[in-house]
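There are 2 protein chains.
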Amino acid sequence: MKFEEKTVDKKLLYKGKIIELNLHRVKLPNGKESSREIVNHPGGVAILTYKNDDTLIMVEQFRKPLEKTILEIPAGKMEKGEKPEVCGRRELEEETGYKAKTFKYLGKIVTSPGFCDEVIYIYEARDLYKGRNDIADEDEFINLKEIKTDKIKDMIKSGEIIDAKTVSSFMFI
Amino acid sequence: MKFEEKTVDKKLLYKGKIIELNLHRVKLPNGKESSREIVNHPGGVAILTYKNDDTLIMVEQFRKPLEKTILEIPAGKMEKGEKPEVCGRRELEEETGYKAKTFKYLGKIVTSPGFCDEVIYIYEARDLYKGRNDIADEDEFINLKEIKTDKIKDMIKSGEIIDAKTVSSFMFI
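In order, the protein sequence lines correspond to chains L and X.
Read the first sequence against full-length UniProt numbering and you will find it ends at 173, with the numbers running on by one and no gaps.
Read the second sequence against full-length UniProt numbering and you will find it ends at 173, with the numbers running on by one and no gaps.
Mixed in with the good hints, there may be bad ones.
Heads up, the list lumps identical chains together, so a pair's fine if it works in one copy or across two of them.
Subject to a maximum C-alpha distance of 25 Å in a straight line, what follows is the list of computed DMTMM-like cross-link-like pairs (lysine to aspartate or glutamate) [stated by the list, open to error]: (1) Lys17 - Glu85; (2) Lys130 - Asp53; (3) Lys2 - Glu160; (4) Lys157 - Asp53; (5) Lys101 - Asp137; (6) Lys83 - Glu67; (7) Lys130 - Glu79; (8) Lys2 - Asp54; (9) Lys80 - Asp53; (10) Lys68 - Glu160.
Don't read these hints as lab results, they were simulated from the structure.
Bound-form chain L, shown alone (with noise of 0.2 Å):
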């Protein structure tokens, strides 16, 4: 059986700096209308960024929706008009200060399909050398830790590394 909820109205709730919050009305595929509350997001690019073959570049941060620091693979938001790969690259450089000879399409992956658009592309970086070190978004605060890849297994099976993008990332290895 094929499902499809045709929106009959939508309204703008919220526009903001990264966020776009829309309401719609949608008509069901039993013919009775319901309201979807749907977070427009731009998308981002996380990057498996490797160090050397076992080891792995990771990002310590502070994320306020969480009020906690947690460990993460490279990553960020994409500019509007921007491709997934210039994205990556320039974030890889943003946060490691290193660029990579060898820059790989892994697969991708939506985070919140129920209310949220957002998708996000994840790609290897290998053969890394040293780019700029003064690029860093400057409301952006991170530690950078090399981990190596079997640790961070361990981490994720024992709860340490929760963090989606990273967890799933780790079964296009």
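For chain L, the structure is supplied; the task is to place chain X on it using the hints.
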């Protein structure tokens, strides 16, 4: 280094059926101020649902934010004050019509820590038996599919399955 962003002011922008949107004025580690758009979500539970040792029950569902039908493991939102296991058992029965003799916690993920506080708890359900099949959410239209775990892994790697909670759950298998 420990970083933190203290809220100095907070404004509720929207309180909906499912999500709430708050704009925080925060003090950054460098003393400057910035704003953070934060979506508050009740969180949810996702269930690796074993029909037998090598086959999962999957849910195909139209996701309005993506304007697309995608394949996911059974999952749902927590009701106010509901414990994750209670939510998981309820959603399992609502979506698949099954109850489970074995219901085991595997881990949790945060889906979009940059702007949203959603946490998804991941469980595995085994030893299924028929529950009620008249309690489905009336706003929800789903198709159930039984798919072998090896096939699901292939579908993740090939990009046919992109749902982050589904992809992440396979790191706990």
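Problem set entry | Unmet hints by their number, sorted upward, for this structure | 8, 9
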